[in-house]
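Participant: Chain by chain, the residues run as shown.
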Amino acid sequence: DAGVIQSPRHEVTEMGQEVTLRCKPISGHNSLFWYRQTMMRGLELLIYFNNNVPIDDSGMPEDRFSAKMPNASFSTLKIQPSEPRDSAVYFCASSLAGLDEQFFGPGTRLTVL
Amino acid sequence: ELKVEQNPLFLSMQEGKNYTIYCNYSTTSDRLYWYRQDPGKSLESLFVLLSNGAVKQEGRLMASLDTKARLSTLHITAAVHDLSATYFCAVSSGAGSYQLTFGKGTKLSVIP
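Chains as they are written, first to last, in my numbering: chain P, 1 to 113; chain X, 1 to 112.
With a straight-line cut-off of 27 Å between C-alpha atoms, the simulated DSS-like cross-links for lysine-lysine are:
(1) K104(X) x K17(X)
(2) K41(X) x K104(X)
(3) K78(P) x K41(X)
(4) K107(X) x K41(X)
(5) K41(X) x K56(X)
(6) K17(X) x K107(X)
(7) K104(X) x K78(P)
(8) K41(X) x K3(X)
(9) K41(X) x K68(P)
(10) K3(X) x K56(X)
(11) K68(P) x K78(P)
(12) K24(P) x K41(X)
Each pair of labels, with its calculated beta carbon distance range:
(13) G53(X) x N52(P): 34 to 44 Å
(14) G42(P) x V55(X): 22 to 32 Å
(15) T76(P) x M13(X): 35 to 45 Å
(16) M13(X) x N71(P): 40 to 50 Å
Worth flagging that the hints you see were computed from the coordinates, not collected in a lab.
Using N, Cα and C, we set each Cβ at its ideal position, and we do this for glycine too.
Based on the sequences and whatever the hints tell you, model everything.
Facilitator: Following this line, the structure appears as structure tokens:
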């Protein structure tokens with residue numbers, strides 16, 4: 001198995017631009033998580049899905065952030081408009097139903113200028 | 001609300017020495033995970049502890065879980081430089097929950 005796949009691995013954009021991060025979970029996993037990691041705030045859970053349905057989005061910082069999971073093998077996290085304070089590493093993780101162990105993707109390093 | 005505390009947050013130790021990282025959590029749970037993160041890399045699963053008294057060992061690292069004390073430890077034996085990384089513990093919120101609550105991480109530096 002290829003593991004959790006994220007793209008792009010690095011993204012540099014200017015303030016105000018739309019950013020879309022992509023994630024492909026491990027095949028067969030039906031829970032998907034989006035995290036943000038910064039030096040200041042550590043690892044934060046933004047949103048998670050179970051069977052493609054958003055279960056808890058309380059960690060989404062504001063309306064500029066949105067996430068979708070149109071099918072079991074694909075999810076997106078969108079930031080529109082982006083701001084410099086959104087600069088962080090964004091991780092996607094997946095897990096198998098009934099099990100908590102999460103497997104993390106390589107992350108997307110986002111820099112907003 | 002489940003809270004997870006790790007200590008220490010920073011640890012500098014000499015090669016060959018032993019040390020323990022502690023992970024305390026605030027509510028009942030019997031499912032705890034340890035992850036390792038190398039600089040600039042992702043989180044890699046190290047240990048899965050699923051019951052009271054569980055003990056897992058991999059090389060120079062040993063993890064244990066005491067659910068009654070709500071405490072897990074990660075013991076490092078005869079540290080080597082390759083163990084330098086940030087170690088996170090993560091606790092399940094319980095049956096029916098898919099979430100893990102992560103500690104802030106312990107940044108370990110092993111000095112030759």
